[in-house]
Every structure is written in structure tokens, then in C-alpha cells.
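Bring the two chains, given one by one in their own frames, into a single complex with the hints.
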Amino acid sequence: MKPYDLVIIGGGAAGLAALKGAYDEKLKILLIERDKTLGGILKQCIHNGFGLHHYKEELTGPEYAERGVNEVLGLNVDIITDTTVIDVLKENGTFELKVINTKKGEHSIHSTSVIISSGCYERTRGAIQLPGDRPAGIMPAGSAQRYLNMEGYMVGKKVFILGSGDIGLIMARRMKLEGAEVLGVAELMPHSNGLTRNIVQCLHDFDIPLFLSHTISDIKGKDVLESITISEVDENFEYIDGTEKSFDVDTLLLSVGLIPDINMFDSLKFDVSKKTGGAIVDQTYQTSVEGLFACGNALHVHDLVDFVTEESTKAGEQAKAYILNNKKRSNNMISVTPSSNVSYLLPQTLDMDDEFEDVILSLRTTTNAMSGKFHIYQGENLLFTKKAKFVVPAEMEKLTIKKEMLKYKGPITVQFEVVNV
Amino acid sequence: MTYDFLIIGSGITGASIARELSKYNTNTIVLEKENDAANHATTANSAIIHSGYDPDPNSLKAKLNVEGNKLYDTLEEELDIPLFKNGAFMVAHDKEEEGLLERYLQRAITNGVPGVEILDQKKARELEPNLADSVTKVLNLPSTKVTYPWEVALASLENAIKNGVTFEKNKAVKSIEKHVDYYLVTTEDGSTYQTRYVINAAGAFAEKIAKMVEKKLPYHIRPRKGEYLVLDRRVKGFLQRTLYPTPDEKGKGILLVPQYHGNILIGPNSETQGSLDDVSNSKGGLNVVKEGALKLAKNIPFHQNIRTFAGVRASSTHKDFYIKESLDNEGFIHVAGIDSPGLTAAPAIAKYVVETIIQPKEKLNVNEEFNPYRRVIKLYDDMTAQEKEQAFNEDSRYGNLVCKCERITEGDIVRHIHREVKSDSVKAVKKRARAGAGICQGGYCEYQVIKILARELGKTPLEVNYFSNHSNILKSETKVKK
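Chains A and B, in that order, give the protein sequences.
Each residue of the first sequence is one higher than the one before, starting from 0 at the first, in numbering that gives the first Met the number 0.
Each residue of the second sequence is one higher than the one before, starting from 0 at the first, in numbering that gives the first Met the number 0.
Pulled out of the complex, with its shape left as it was, chain B reads as follows (with noise of 0.2 Å):
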């Protein structure tokens, strides 16, 4: 069997192309490297969806941020993902950083961003009492929202998956071979998949797969990681916007950044690495997230803070997305250089490949059994009085919570384990159902979700993985069992 489209990565980017080619008759596969979707920069990133006050208005960033953000209200009506509509300010400390802020303003209304407006330090302190004292103005961002991002993914690829798409995870790449009107794919484990199209959408490791097919490439992947800390749900309140620093030459800057769940984000850095999966936090590194937090507000709750994390931005030395097919090699697209604003981006940039690269050379019929919308499998804490009773009587297991901290019960994790992308590790189950990520960190429900995940997958709790495959956390069982 040849496939039409092969698409490498099931990140955010990888993810909202599968969904975008279900909407057509066509047979598309999803490979994916990792134990599960959306592993990488999906999971480790800001959670914002942009606005679109920064990208050089003449860039694809920006043609495609202000049209991501305005899908993702479409996303929510139809795949039911989390979308927090809490708005932005970006502030201002002193005249020249004020410059900036009209700058912006203007760039912004270029770029088509809705509502954006300068606010005096009096009018700002009102919405956000927290502001740090040492803040001018701010640039009103109303249409900026957080999201959940690998929730986005996950739905997404779903969403796909339902609607005819092939997934298929633990699949690395290994070599593309290209052939007259088809090319090779081999995987590390021997399969081979033929395919008329190659969709390169590996994030950071996106330039290691292009070069399996092309001799020169416009563009290197530079890849840059950046550090995060993370405050428990219950700063809920202290603050409601997303605040930003005006950007400077590495990006955004560090922010601070209220989650759908309660959450906030602090961060993140900016630091060129040469490893594409180096995800290491360091003293230094989240001491200057803590810094540039301060710049941003008062009072922060430090003390709540509850874990920390990295993630790695798939830039490139293109600077812009770089969107296109091959010069060399007909059907091989290249997604790359996807940072930020990608996960905001993401819903345009899946349209843009389809609509802009492929349509003008390849007539799509559209699949008349499309169903754009899935419903998300609401957690037990999310429910209403009713849908509580009713989830419990049909299946008693709604009443064991297991996480207390998060208030998730089996009968949730249960489900989340059986979506239509299976669960096989711990963090995939704290990924769907939030099992563990709250103030203890699994302290306390570690062992009941191994337990859980060995039962329902049918292994033992030793073969049950923390993460990446190879990563379980019981290493053998004590001389005397019970």
C-alpha cells in the first residue's frame, strides 16, 4: 500500500496537519518516535496562544498567529479543548521601553491583532493589583488565551485518527529513500511505509530528517531551550492576565503565565544548546527566570512553586517558519523552524500546508464523513452534581480519588487510559487525566496509577514505564511477597 501523506512528528504541528488532511479523502499516516503524542516542545512550552503583536508583519509568524489564534475559537467549539481567555498586558518600565510599548501597538494593529490598546499604570493596577511597582504602561492584549497545549494535540490527532487517519507511535524515523513517484520510509524497529508525500513536522529534530532526503537545506535548527517553574493551582487569583516584558532579540522574554487549571508558568529563558533533546534545568538558568519574574509583578507566591521543566524551541537560522516544499524533491515538505508563536499558529500553519502546498498540485476531494467535533472526556472534579452521580453510578470507580491533590478518581483515569491515544506511562495518564501534578507530584498516587496502568494494560507494575519507554520505576520485587 503507498500512503498519500506521511507525516513525521505528532507534536502540535504534526498533529493539526493529520486532522487538516481527514477533512479530504486521502490515506495519511502519523509517525511518531516517542511512547506517546506530543512528547516534546507540545508539553514544555508557554501555553499561550498569542496574540500577534510581534511578528515582522511581512513574516509568515505573523500571517499565521493572528489566524491560529482566531481558529482556536473554532478548536474549542469543535474538539472541545481548554481555551482560558484571560487576555495580556505587556508592560513598560521606564520612556524608551514605552516607545516600544507604541511600537508594538502599531505592529499589532498591522498585523490585524483585535482590541490592543496602551493603559496608564493607575487603569493597568486596577485589572492586575500585582503589577510590579516599577511599571509604566502596559499594551493591552485582550485577544491573547492560554490553552492546554498537548490537550490541543492529543484532541487534534484524535480527531484525525476518528476521522481515518493512521497513528502509529514508537516509530523513529531511521531512513527515507526517495523513488520515482514514492518514498521509503524505514523505521528503527524495520517497518518500511510507502508514501507519494513526506510531511517533515519533527520539530527539533526536523533538519536530522530533512537531510535524510535533501542535500542542501535552507535552514539549520538552532535549537534553544528555555527553563520554567511552575506554581501550584492554588495561586489561583493572583494574577488573571498573561504578562509580558517587551520582547528584546531572543523573543518574548520571561513571562508569567495563569494556566487554565489555576497554574502559573514562570519563564522561560532563551539559551542556544547544540542537543536537540537537552531538557536539564539549572541553578542558573531558572535564578534568571526568577529575575525576570520580578520585572513583571509583586508578591509572587515563590513558595507554591511545585516542580520545574525545560523545554526546547525548534528555531532555525531561517528565523521564519519555514513552510514549503522541496526545491530538490517533489513531495517532500518541509514544517520547520515551527517556535514560537507555533502551538498558536498550528491550526493555520496545518491549513496553510494543505491549502497553499498541496491543493495547487493535488486535487483533494473533501471526505464527506468529516466530523469536526469531539468531546472531551470531562474529569470527575469538572463535572456538575448530576454528571457526578450519574459517572459514579455507572461505574463505582468515580469513587476512589486517587489524586487528591488534583481531585482525580480512577473511574478518570481509567478513561484516560483508553483514549483513542492509549496511555502507557505515568506521565502520559498526568498528561490526560493531571494524576500527579499537583503539590505532592505523585507523592501520594504514584503507586496507585503503576497499579492502575499495569491492570488495565495487562502488565506488571515492574514493567510499568514512568515516561520514555525503558523508564520504569520498580526495579524488581523483594525477596518476600505476600
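Next comes chain A alone, as it looks inside the complex (with noise of 0.2 Å):
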């Protein structure tokens, strides 16, 4: 069989937007999903508030892949279901992906690129070493998620939730309109790490307290939870004694940290971030390997889906680009790297070659800043200053970099300056 010129792994929103971005007629396409039906993780995500950015409208999760899935359904391009990739290796120009499903058991798929948009997967308790008992009852957020919206069950009644990431904070609305009691949320940082409008939407408005600068001191429970304790921390994370506040709980729910799901990839050994756990990558969203991209939140968790769609239709249509030109990676790569408050950005390194075109940096702060300034810098010379209001480390902010800025040689930093906090 002829191989594919794409495989696009992942048929949630970056692989949606990936495919529409690289179609075209001449190319032989294949999306791979391993679910059983197209949208990924927004299937789950019942709320609205999902594409104000990209579709100009306020759509719920369903909504919002709906619209994704009927942008590709009439695209003359190969889509599998119920299908998991289990390894990735490339010989000889090639990429052998081993995939397996119940139709055709274990077998391989070949193409020449491949883009990888499969997701990302929860931290779990283990990883961040909750001290305490081990009973049922301790979940990620996005599970508990999955039993109710999907699945149709309660995990428990009464709730406590760990971390203030997005998710954390749409199941504590969720949990409590679905009848459960929702004692509070703490969060480790003393800043919530989620977008302010859930802050607002979920939290205030529905009386749930947040308590920042706290964290998990203590579970109790035997066969099931019964009991947590929290404790404030100081600036070295440190319980303080006597902050000690426990709540009778069956439920304590984690949101703490979303992670690039790309182990099936590890035979490839690309170059992967510490900071995003996901691919190092080109302003083309090519990672170190060649023909390989990759795109939305296995590249790096985003704060909204309209991002993953933006960034995901620029890597199909890289992609497309790559396999039409014919275009080979040039010499001339140089490095963007953070500097002081800046924990991550993207992309991580630029192919300085002719067809140099502006490039779009997102990043994250490491801190809150009512006001500030971004300052791009190649080498020691400075290229240009931005000022910026309201910036939080949940929200990701954009810098353009223009080619008629990049006249120096070698790499560049980015650095955020706070001027109010």
C-alpha cells in the first residue's frame, strides 16, 4: 500500500484543526483517533465558553468539536476510530506507526510526516507525593469529568478540590449544580492558576472559597475518604503549623497540572521541553525530527481550545508545506529561550533560512503583573520592548517577532519586566 504523505494522531481539536490546515487534494491523509467517536477531550467539556476567540461565539465543548468535525467530514482524507497508536519509529525517511484497534488487532500504518495532536493526561497524586491515606475518592478533576458528563455518575458528595487550574475550577461549578456540596478549592500558589472569568464564574458565584497558599497536609480515610486536611504554606511551600483546617469530605478532586501525552512517541527521541513536557519545536511546529510536528496540547497545554485550533491549522498547513516543497530543514537554526519571568515559550527555536517569515512567540509569566514590559533581546542587543497590562501566568500572552527586527546573529531571550504588581 502506498504510504500516506500525513498521519495526524489525535482527533480531538488539534488534530481537527491540523487536518483542515494541511488538506489538499494532492495529499494522501489519515487521522487516527482512539476513541470512538471524533472531538476529544471537548466531548466532556459540557460548559460554555469555548470559541469567543476563534468562531466569534460562545459555544459549549460539544459545540465547539461539532463544528471541527463538520470542517473536515466532507474532505476527501482517511479517518480511523477506536484505534491507538502504540509506537512511532522512522527508517529510512519513513515513519512505521504500530497501531492497534479491534478490527484489524496490531498492525502498521506508514507515512512520510507525521503530526502529533494527541492531548495531554492529568498529574496524578503520586506525582506530587500527597502525603496520607490512599482510599477511593482521589481523582483528577478530568476523571471525575469523564464519569459524569460521559459516563453518567457521581464520584461522590461531598467535595473538596485540590489546585486551581481550569478544570478543577468548571468541576467544582459542575459538582455542586449537580447536587454535590463543594467545601472549598486551595491552590499551592498565591495565585489562582486559572483563567479569572472561572474564578468569577465558578467559584464567587456559587460561594465556594478559595483558599490560596494552601495545600493537602493530610487524608484520612480506611476503605473510602472520610477526611483532608490543608495547611497555608510559606514562600518555600512549607506547612504552617497551627493553619491546620479539615473538612469531612468523599471527594477530593486534583487539578493539579496537565501533561504533553506523548510517550507513545519515545522511540523517536525528538527533543522534548522540561518546561512543557512536549516537543521542542521550529516556528513550522517541526520538532527534532524531521517530518514530525506537533501541535495544541501535546505541544503545550494551552488556557483556550481557539488557540489550539489557531496553532494547530499553522502546523497542518507547515506540514503541508513540508511535504508540497519538498523543503528540508536549513543550517541556520538559532535558539529563543525564557529569561527572567518568562517560565515558558514557544516556538523554541527559529530556522533562520530565506523564507524567514514573522513569527508569533506565545509564552507564560512566572508571576502576576497588574502592569510590565516584555523585552525580546538577540544576543546583548535589544530588538523591542512591549508593554503589557494584566498578565498571569494562566493566561498565555503573544509576541510577534518580525524579520526585519532580527539583524544580529545568535539567540534570542525573552524577559518580562513587572512594573505593577
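Heads up, some of the hints might be wrong.
No farther apart than 27 Å at their CA atoms in a straight line, the calculated lysine-lysine pairs in the DSSO-like style are these [what the hints assert, rightly or not]:
id: 1; chain 1: A; residue 1: K42; chain 2: B; residue 2: K450
id: 2; chain 1: B; residue 1: K474; chain 2: A; residue 2: K157
id: 3; chain 1: A; residue 1: K268; chain 2: B; residue 2: K297
id: 4; chain 1: A; residue 1: K102; chain 2: B; residue 2: K450
id: 5; chain 1: A; residue 1: K89; chain 2: A; residue 2: K102
id: 6; chain 1: A; residue 1: K273; chain 2: B; residue 2: K289
id: 7; chain 1: A; residue 1: K219; chain 2: B; residue 2: K474
id: 8; chain 1: B; residue 1: K235; chain 2: A; residue 2: K274
id: 9; chain 1: A; residue 1: K221; chain 2: B; residue 2: K168
id: 10; chain 1: A; residue 1: K244; chain 2: B; residue 2: K282
id: 11; chain 1: B; residue 1: K387; chain 2: A; residue 2: K35
id: 12; chain 1: A; residue 1: K274; chain 2: B; residue 2: K289
id: 13; chain 1: A; residue 1: K219; chain 2: B; residue 2: K168
id: 14; chain 1: A; residue 1: K27; chain 2: A; residue 2: K268
id: 15; chain 1: B; residue 1: K387; chain 2: A; residue 2: K268
id: 16; chain 1: A; residue 1: K313; chain 2: A; residue 2: K326
id: 17; chain 1: B; residue 1: K297; chain 2: B; residue 2: K94
id: 18; chain 1: B; residue 1: K69; chain 2: B; residue 2: K251
id: 19; chain 1: A; residue 1: K175; chain 2: B; residue 2: K450
id: 20; chain 1: A; residue 1: K397; chain 2: A; residue 2: K19
id: 21; chain 1: A; residue 1: K219; chain 2: B; residue 2: K32
id: 22; chain 1: A; residue 1: K97; chain 2: B; residue 2: K387
id: 23; chain 1: B; residue 1: K32; chain 2: A; residue 2: K221
id: 24; chain 1: A; residue 1: K97; chain 2: B; residue 2: K377
id: 25; chain 1: A; residue 1: K157; chain 2: B; residue 2: K282
id: 26; chain 1: B; residue 1: K121; chain 2: B; residue 2: K84
id: 27; chain 1: A; residue 1: K273; chain 2: B; residue 2: K282
id: 28; chain 1: A; residue 1: K175; chain 2: B; residue 2: K474
id: 29; chain 1: B; residue 1: K249; chain 2: B; residue 2: K69
id: 30; chain 1: B; residue 1: K294; chain 2: A; residue 2: K273
id: 31; chain 1: B; residue 1: K474; chain 2: A; residue 2: K221
Derived by calculation from the structure, the hints in this document are not laboratory data.
See the structure below:
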């Protein structure tokens, strides 16, 4: 069988947008989805608030997913669902994808390029070394969301939430609406990790207290969860004695971080960023392995799905250009690295070939600021400064590097100067 | 009916004794208080088959450790258990610790440990590049191995069942009455059992059980908790050998232990506690574990930590294993104080109980039909390409990848649910088939495992337990159902 020109792995928001971006009737394209239907995690996000940027209207997760699906339905591409990628290898310039499903068992699919759009998974209790007993009733917020919105089950009636990530906030409201008592949300950091609108609409509107600079210091329960204790933490995240508060709950939901889900690509050994947990990419979303692209939450975890769509469409377009133009990477690569008050940025490398065009950097800061300034340097030289207002780590910032700015040689660094806290 | 032998506890000790007794024509039953075999110390330990370098040469521990280590090679052949023959280093950081290496080298030789030698740091680093920079010399202990402890217990128990032993779970012993020529054992649910011998292999609960019969006890259980960190199996290659510090009065110390499937265990600390089953983790305990590990190796990928756990050692005031028939109550056999190297010694403990304690009093006839062999139900991911194809052709559920972190299929899960000792909880499935043992810790597959368990066991998802009875994950159905 003739190999595919492009295989897209994952049919959520990222994969659907990448497919749309990459589509060309000359190309043979396949999209692989492990679930029964397309749409990814959006399907379990039955709340609204999606699409304000991309579609200029407010949609629920399933509605947003449906639009993405409808946009690719008529296209002349192959789509297989209920199929999981186990391993990906690259030999003689061709990718071999080992996939498995109940129709054909384990088999291989070949392609000249691949887009990783496999989303992310939730950080677990073990990864953050929560102390205490280990009874039933402690789970990632997204798992509880799946049980509730997709499977039709409540995981508990008295709930506490650790972490103020958006899923945690959304689930606080969701459990409350479904009749549970939600006793509070604890956040280790002195600031929330979720979108401001979610703090307001999910916590404030439902009188759910948010305990900043607090974490779980004990968990009790033999068979099922019986109680948790939270403690305030100091600047080194150590518990402050005497600040303990206990809550009798049967459920502890964790919203303590999302991590790109890319372990099925381990064999390809591409460069991975310690900061994002995803691939290191250039401005074409190409990883250190030629012909391998990454986008969406499998690349870095986004605050809004709209930005996933935007980024993944571009990644798809770049993959298309790569295949159609048979374009090889130049030897003129420079690095883009975060410096003070910037936690991470993308792309981490720039291919400075002749066709270099303006690049939009996506980045997050490490601190809150009412106002501040982003400074971009090349070597010692300041390229430009951009003022910013209401900057929070939970929300992604964007900066454009214009072609004409790059008058110097050497690596680029980006820093954030806080003007007013 | 009167049983010949009633074993209390189906941890590695009880399961090994059950299998040993099944080699003879006996009427033997094993009672387990939990809803699965091997649920306490056997699921929460370092998984090491120790060489036998540290027990006092005159102790039962020394004898049974070295014998047990050898017997694991037989178990590997007969029961098809996982055995990772990776060896170990005990590390020294200064002259004083180097002196200890010399002492343990001599002790290892006295105890009959094969192949031991002291290596200088250059040689040691060639073999283990991630040894801590501060390490000056190591004691090489090549006969040290790693196994998958609960699989050994399950395999032993399942083989015993095949050879005629009865196993009953959810049977917590409530009382033991001594009669003239039998014991009457009553469990919490009201079941009663008559037996000529009671073998107390109740681990941390051994004293509690013994007190049902004995007025005076020659030992007291002093539970000692140990906490651990687990690193993801993708750290494979970071370390080949198990690393030990030089032992102190608390025991073998905090170790780095590469596991059969590639994970690394870090731990345990050692804290005496009152509770027999408090296996909670603490920030302080885990910090002690991390600090201990840094003395052994550098570049430890702590960021690949996927889980923490703790186990309780069934240590006793007797220090050595206490394996004896009661002086006052004939037919009541203590197998108590089984802390480290209990896992290693278990098959030798079983032989010792049968050959040294029982056989001098009881003529046991060899079970001519005893079949020592058991074959593991191979997981899909461990199969050859040909085996995979055959498995899928026979059951297309091998094509449904449920746990993507550990690559476990629905075919694997179904077969491991219906093993001789059935799985009826999410944890029991994880113990046998590893579903949920990876980086996402069941975040992706747990709902599917619950559905499969419900279907296979004829339950509703609401009735499926996380681990113990009454630990259901799903609490109620929502108002609107599809």
C-alpha cells in the first residue's frame, strides 16, 4: 500500500484543526483517533465559554467539537477511530506507526510525515507526593468530569478540590450543580492557576471558598475518603503550623497540572522541553525529527481551545508545505529561550532560512502583574519592548518577532519586567 | 469435616506454605481476611530477593535467606514468575563504611553467599555510571535479584489450589477455640472450620491471632512502616543493580531498586508505629527517603515519580523469624516476625515449616499427582509477534488497548480477572495485569477497567470497588441517563 503523506495522531481540537490546515487534494492523509468518536476532551466539557476568539460566539465543548468535525467531514481523507497508536519508528525517511484496534489487531501504517496532536493527561496524586492515606475517592478532576458528563455517574457528594487549574474550577461548579456540596478549592501558589472568568463564574458565583497558598497536608480514610486537612504554606511551600483546617469529604479532585501525552512517541527520541513536557519545535511546529510536527496540548498546555485551533491549523499548513515543497531544514537554526519572569515560550528554535517570515511567540510568565514590559533580545541587543497589562501565568501571552527586527546574530531571549504588581 | 492444616493469611508466607503442603496428601485451607490474596506487606515491599549478606550467621534469617534465594531459581522454572537477576552493590563513602563492607563480605562468605567481592570505585562506576560521586568502594552482591512479589504469592497460591488446597477470602478470623484433638476457627461472617493444625502466617496481625490461643507469647509484633517512591518504567537503564547503603540498627536502609518492569523503587525509611495497617505517606517520611537515595546515586530522575506508597513490616521483639510450634498448644504453629528478608526466605520458610516442624510429628504422604508447574498468563505486550497474532485471532479484545501507559489490552484484563484467584477490584486487576500502573495512574483507563470488571463479574459499575470491600469509586447515577 502506498504510504500516507501525512498521519495526524489524535482527533480532538488540535487534530481536527491540523487536518483542516494540512488538507490538499493532492495529499493522502489519515487521522487516527483512539476514542469511538472524534472531538477529544471537548466532548466531556459540556460547559460554555469555548469559541469566543475563533468562532466569535460562545459555544459548549461538544458544540465546538462538532464544528471542527463538520469542517473536515467532506474532505477526501481517511479517518479511523477506536484505534490506538502504540509506537512510532522512523526508518529511511519514512515513519512506521504501530497501531492497534479490534478490527485488524496490531498492524503498521507508513507515512512520510506525522503530526502529534494527542492531547495531554492529568498530573496524579503520586506525582505531587500527596501525604496521607490512599483510599478511594481521590482522582484527577478530568476523570470525575468524564464519569459525570460522559458515563453518567457521580463520584461523591462532599467534595474538596486541590489546585485551581481550569478543570478544577469547572468541576467545582459542575459538582455543585449536580447536587454535591463543594467545600473549597486549595491552591499552593499565592495566585490562581485558572482563568479569571472561571474564578468568578465557578467559585465566587457559588460561594465556594478559594484558599490561596494552601495545600493538602493530610488525608484520612480507610476504604473511602473520610476527611482531608489543608495547611497554609510559606514561600518555600512548607506547611505553616497552626493553620490546619479539616474538611469531612468523600471526594478530593485534583487539578494540579496537565502534561503532554506523548509517550507513544518515545522511540523517535525527539528533543523534549523540560518546561512544557512537549516537543521542542521551530516556527513550523516541526520537532527535532524531520517530518514530525506537534501542536495543541500535546505540544504545550493551552488556556483556551481557540488557541489550540489557531496553532494546530498553522501546524497543519506547515506540514502541508513541508510535503508539497519537499522542504528541508536549513543549517541556520537559532534558539529562543525564556529569561527572567518568563516560564516558557514557543517556538524554542527558529529556522533562519531565506523564507523566514514573522513569528508569533506564545509564552507564559511566572508572576502576576498589573502592568509590565516584555523585552526581546538577540544576544546583547534589545530588539524591542512591548507593554502588557493584567498579565497572569494562567493566561498565554503572544509576541510577534518581525523579520526586519533580526538584524543581529545569535540566540534570542525574552524577559518580562514587572512594572506594577 | 476436619482440615489437617488451616493457614491464616495468604501473603507470601501463607501462600508458600500452602504450596509446600500441597506436595503432600493433606487437607489444607487458607483463610484471608481481605478481598484478595497478598494485599498487605506482600504488595508493599522492596521486591528484592536478597543475597543473604546481612543476617547474623547463627540466625534462622541467615539460613532461610540464602536457601530462599536459591529456591527462587526453582520457582522461576516451576511457576514462571518474573525474576530480574540484576545483582546489587552495597556502597561505602568513607574508611569507616569501607570497614563495614569488609565485615559484610566476611559475613556473606560465612552465610554462603556466592560471588561476593569488593570493587574499587573506578570498576564500580564502569558498571553503574550513576553511582553517587561520594561512593568510594562497593560490595558486589551478584546473587541479588528482584521479583514481582504479589505475583509470586498469587502463583504459589494458585498452584496450591490446583494441587488441592482450598482458598477462601473475606474470612477474617474472629476466634480460635482449642478442643481435644482439633481447633475450631470462627470467622467474622460466622463460618466455622475444624482443623488439626493452625498455621499463623498473619503477618503484622500474627500477634493478634496468636493471642486467640496463647496465654503467653514469646514475641510481640512491633510494626515498622516504610515509605517508598515509584519512578516510571521509562527510567529503565538509569540503574542496573540494586543499591544498598551500609546497614544500620534499623535495617538495610534506604535503597534504589530497579524493578522487573523497568520502574525504580526508592525507599524504605523505617518508623515504628502502633498501628498494624497504617500505610499512609508523610511529607517527612518521603523527604527522608529522597535524602537517603541521594547518598547512593546521582542524576536520580525524581521528576519521573508516578506514585508513593508505604508498607508495614511485621517485625517482632524476637528480632529473628519466630517459626515454632507453640509450647503450650500443640498443633498451633507460629510463623511470625517475618520482616526482611521475608520475601526472599518465603519458599525456604515453607520448607522449614513442613520438613522441620510438621514432618517429625506427622507422617505426610507425597501427593503423587502434584504438578509443580504453572504458566503465567502472558500479557499482550510481553508476547512475540506470532503470539500476538494468535491471541488476537482467538479474541479480538486483544485489539482493544485499555491502559496505554503500560500497553494493557482488554484481552489481558479479562483473562486476569478470571484467574484461579479472581480479581474483583480495580487494584486486583492492577496487581495482576498492570492496568493503571503507569504514568497516568489509571486516569485514562480506570473507567474502562470498571466497566470490564462490572461486565465480567455481573455487577453494576456502582458496585465495583477500588480495592477493599466498600471502596466503590462511583457513588450514584446522575438524574439523566442515556
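- Query: Is it true that the CA of K175 of chain A sits at most 27 Å from the CA of K450 of chain B?
  - Reply: holds (26 Å)
- Task: Sort out whether K69 of chain B lies within 27 Å of K249 of chain B, counting only the CA atoms.
- Result: holds (26 Å)
- Message: Checking one constraint from the list: CA of K97 of chain A to CA of K387 of chain B, max 27 Å. Satisfied?
- Response: holds (13 Å)
- Query: Quick one, are K274 of chain A and K289 of chain B close enough, alpha carbons at most 27 Å?
  - Reply: Satisfied, since the Cα-Cα distance of roughly 22 Å is no more than 27 Å.
- Task: Would you mind confirming whether the straight-line C-alpha gap from K397 of chain A to K19 of chain A stays at or under 27 Å?
- Result: Distance ~23 Å between K397 of chain A and K19 of chain A Cα, so the pair holds.
- Query: Is the hinted pair K42 of chain A and K450 of chain B satisfied, with a Cα-Cα distance of at most 27 Å?
  - Reply: Measuring from Cα to Cα gives roughly 19 Å; hence the hint holds.
- Message: Need the status of pair K219 of chain A, K474 of chain B: alpha-carbon distance at most 27 Å?
- Response: holds (18 Å)
- Has the given pair, K244 of chain A with K282 of chain B, been kept, meaning a C-alpha gap of at most 27 Å? holds (17 Å)
- Query: Is the Cα-Cα distance between K97 of chain A and K377 of chain B 27 Å or less?
  - Reply: holds (20 Å)
- Message: For a C-alpha distance cap of 27 Å, please report whether K221 of chain A and K168 of chain B respect it.
- Response: Within the cut-off at roughly 19 Å; holds.
- Message: So if I understand the rule, the pair passes when the alpha-carbon distance is 27 Å or less; does K313 of chain A with K326 of chain A pass?
- Response: Measuring from Cα to Cα gives roughly 16 Å; hence the hint holds.
- Given pair status - K273 of chain A, K294 of chain B, alpha carbons within 27 Å: holds (25 Å)
In the structure shown, no violation is registered for any of the earlier numbered hints.
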